[in-house]
Structure formats: C-alpha cells, structure tokens
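Q: Spelled out, the chains give:
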Amino acid sequence: MTIGVYTFLWKENPFYRFVEHAFIGLGAGYALVMGYTNIVNKAWTPLTKGRIEFLIPVVLGLMLFGRFAKGLAWTARIPLAFVVGMGSAIALRGSVQAEFVEQIKAAMTPINSLDNLLILIGTLGVLAFFLFTVNQENALMRSANYVGRVTMMLCFGAIFASGIMLRISLFIGILQYLFGTWIHFIK
Amino acid sequence: MNLIRLGNINPYIIYVLVFFGILIPLLTPLGFPAVVAPMVKNVYAAVDALKPGDTIVMSFDYSAGGSAEIYPQTRAMALQALKKNVKIVCIAFSDQGVPFADQIVDIYLAAGKKYGEDIVNLGYLTGSETGIAAFLADFAKAVPKDVKGKETLSYPLIKETNTANKVQLIGSFGTGKPGPLEWVRQLAQYKVKYAAGVTTSMAPQAYPYVQAGQCVGVLAGMVDAAGYEAVIKEPGPATKGMDAQSMGHLVVIGLVLLGNIAYWAEHGQRRKGA
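Chains as they are written, first to last, in this note's numbering: chain A, 1 to 187; chain B, 1 to 274.
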C-alpha cells in the first residue's frame with residue numbers, strides 16, 4: 001500500500017486509486033469501531049448499571065440523526081447547540097489565563113539579553129502592524145509596520161522550514177519501514 | 001549554461017535527488033553528532049527530578065501519519081521513566097493513538113513491570129479539549145474502562161492517582177488538535193508540570209508556552225527525539241534517521257539556492273532587455 005501511494009508521483013493510476021479507497025475505508029472502519037466502543041463503555045454500560053442520567057447524552061446524541069429525516073431536522077439543532085456551547089465554555093475557562101494573561105506576562109521581560117530585546121522589538125512591531133485605527137502614514141508607524149512585517153516573515157519562514165523538516169522526517173519513517181522492517185537493507 | 005532553465009527543473013529529478021539524498025545516509029550512516037537542544041534538556045530534567053513511584057500521564061494524540069516524528073519522543077520519555085521507576089498512565093485523544101500507547105506498555109512489560117500497577121493504557125477518549133477537561137478532573141469517571149475492557153478503578157495505579165493533581169508530570173504528544181494550546185488551557189487550574197511533544201511544524205507555535213512557564217519544554221519532531229535518545233543514552237529510531245534528515249535538508253537548501261539563481265538570472269536578463 002505504501003508503494004501504491006507513492007506511484008502517484010509518477011501519475012494517477014488504478015493502483016493508487018485502489019490504495020486511496022482502501023485507506024479511506026480502513027480509516028472509516030477504524031473510527032466506527034472506536035466510536036462504537038466509546039458508546040458501549042461510556043453510555044451503554046453505565047445505563048445498564050442503573051445510572052439513568054446517562055439517558056440525557058444518549059437522547060441528545062440520537063437527536064443529531066434527526067437531520068436525516070425531513071420533518072425532524074430541527075431536532076439536531078438542540079444537541080449541536082449543547083456541543084458548541086459546552087466546547088466554547090470549556091475552552092474559554094482556561095484561555096483568558098493561559099493565552100492572554102500568561103502570554104502578556106511572558107512578553108514583559110527585562111531587556112537583559114539580545115533574545116529579550118528581539119522579542120520586545122518583534123512584539124511591538126507586530127502589534128503596531130495590526131493597529132488599524134491609528135494613522136499609519138507617519139514615519140514612526142511606517143518603521144514599526146516594517147519591523148512587524150519582517151518579524152512575521154521570519155516567523156513564516158521558520159514555520160515553512162519546520163514544515164519541510166516534518167515532511168522529510170515522515171519520508172525517513174517510510175524508508176526505514178520499507179528498507180529496514182520490510183526488506184532488511186537497513187541494519 | 002542557461003541559468004534560467006534551473007527554475008524549470010523536472011520534478012522527477014527533484015524526487016530522485018530527495019529519495020537518494022535520504023536513502024543513502026540510512027544505508028551508510030555518516031555519523032553526524034546528535035544535537036541536544038535546551039528544550040530537550042528541560043524535558044529530561046523534569047523527568048529526572050521525579051522520585052521512584054511518582055506517576056506521569058502520557059497522552060498519545062497523534063495518528064499513524066505523524067508516528068515517525070512522535071513515536072521516538074514517547075519511547076525516549078518512557079525509557080527514562082522506566083529507568084527512574086516512574087509509573088505511567090497512558091491515554092489517547094486521537095483514536096489512532098491507542099496502538100502507540102500499547103507499544104509503550106509493551107516496553108514496560110518487557111522490563112518486568114506490571115500492568116495496572118506500573119503502567120495502564122486507558123485507551124481513546126473522545127471529545128478533544130472537552131475530553132481533556134473531564135479526564136484531568138477524574139481519570140476513572142472520564143474513562144470507566146481501560147483498553148482491555150476492565151474497570152479502570154480496579155487497577156491500583158488508578159486508585160492511587162485518579163486526578164491531574166496527583167500526578168507529577170503530564171506529557172502530551174500530538175500532531176494537531178488537541179495540541180499544546182488545548183492542554184495548556186485546561187491545565188491552567190492545576191499545579192502539575194507539563195511537557196509537549198509535537199511535530200517540527202507545530203513547534204514554533206508551542207514555544208511561547210515554554211517562555212511563559214506554562215510548559216517545561218517542547219520536543220520538536222525527530223531532531224529533538226534524537227537529542228532525547230542521546231541524553232538518555234538509548235539510541236533508537238530517531239538517532240538512525242538524523243543523518244538522513246541532515247542530508248535531506250542539504251538537498252532542499254541546494255534546490256532553494258538553484259531556484260534563486262534561476263530567479264536572479266531571469267531578473268537580470270529582463271532588466272537587460274528593458
């Protein structure tokens with residue numbers, strides 16, 4: 001199957017398409033089994049032990065399927081609202097502290113090293129770049145904008161290079177499998 | 001030689017260059033030294049500071065696609081924990097993470113450790129960040145049965161350590177969501193130390209959490225896994241792949257340079273024409 005996927009580099013072919021479909025099928029089957037196990041362990045088992053409060057998430061879950069019936073499509077909105085509301089609330093609970101307060105505190109570092117100086121200049125530059133309600137025509141804002149743009153370009157470059165590194169690592173993993181585990185060329 | 005033609009290099013030539021650039025060092029290792037980054041030292045120090053009998057949580061939030069980079073990180077952390085006689089609670093917030101957690105369980109069992117006392121695999125918990133929040137509050141409530149289908153509370157390890165407040169370190173290893181952001185958000189109300197293992201492409205977004213003190217260290221991809229293997233003196237799959245990684249980078253750098261030479265040659269010709 002691995003070789004089948006790589007044949008796509010040459011051109012689209014039936015072998016590749018077969019492997020692609022098999023992969024999707026496998027993934028869907030695996031997810032189905034995991035989902036089924038989850039329902040059995042986390043809903044059915046407690047229900048059979050008399051914990052009737054588990055009926056609430058089970059009914060809400062079943063209501064999600066309402067969208068497949070013409071007259072019952074509206075029922076799916078209720079569990080969806082629960083999912084969105086709960087997900088947002090749980091994320092929000094920690095985000096103010098973790099993403100806002102702590103990050104601002106971390107940015108307020110003493111300028112006692114070149115690293116800290118660069119962090120300060122970069123942070124101020126990027127923040128200035130996104131100040132849309134201030135006149136950007138004067139020399140100070142133009143310079144700050146430029147610093148912000150350069151900082152972001154450096155960050156994008158680091159992310160892009162990391163992306164290349166990731167792809168190479170994944171390819172190494174595949175070659176180690178093909179030439180090591182499979183045909184034992186790599187000792 | 002027409003330098004402009006370098007910009008239209010046949011993609012098959014690039015495939016062949018990258019293929020052999022990576023394969024040759026795998027077949028005949030060049031012996032480049034492994035670099036131990038400060039982040040790796042931080043993670044190593046966090047595990048090293050644990051006492052025998054302490055417990056860590058390892059979360060396997062990655063799929064098969066990212067295993068080449070992430071699995072060596074988890075293996076290195078587990079081997080260090082094993083040497084320190086530290087117990088491990090395995091959990092997965094990616095459905096494909098379960099078999100990778102099993103590999104870590106196998107390492108422990110092969111060393112004579114007992115399932116349920118020294119290590120346990122709680123399997124996959126759905127819900128991403130919501131699942132993390134529920135898990136941190138109460139392991140057994142969030143996951144009533146482990147991967148073997150047995151009651152989680154029947155294991156001594158879970159009886160002793162049933163919440164995030166009772167473990168000494170949490171390591172999450174992921175390729176996407178949930179990642180360090182979700183973990184840091186949910187760990188804001190706990191005092192437990194946290195370390196992250198991510199792919200190299202995710203690392204730049206995870207580093208600010210280290211600077212802010214929310215995370216003891218970030219292991220980035222195969223490079224840091226190799227560094228971790230070097231520092232615990234247990235060479236493994238990442239160490240074997242590092243020569244190939246370096247050669248792969250040299251090939252890409254070479255191609256980027258060629259592309260730029262072609263660009264500037266074309267630029268110069270256009271200016272001459274104008």
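Derived from the structure by calculation, the hints contain no laboratory data.
Quantities reported herein were computed from a predicted structural model and do not represent experimental measurements.
We put the CB at the ideal spot given by N, CA and C, even for glycine.
Be a bit skeptical, because a hint or two may be false.
Claimed, not checked - Output of the computed footprint for chain B on chain A, the stretches with three or more beta carbons under 8 Å from beta carbons of chain B:
(1) 120 to 133
(2) 140 to 146
Stated by the list, open to error - Away from chain A, derived, C-beta distances all over 10 Å, residues of chain B:
(3) Gly66
(4) Gly112
(5) Gly254
Q: Evaluate each hint against the coordinates.
A: Hints and how they fare:
no.: 1; hint: 120 to 133; in the structure: violated (count 0)
no.: 2; hint: 140 to 146; in the structure: violated (count 0)
no.: 3; hint: Gly66; in the structure: violated (8 Å)
no.: 4; hint: Gly112; in the structure: holds (26 Å)
no.: 5; hint: Gly254; in the structure: holds (13 Å)
Hint compliance for this structure: hints 1, 2 and 3 are broken, all remaining hints hold.
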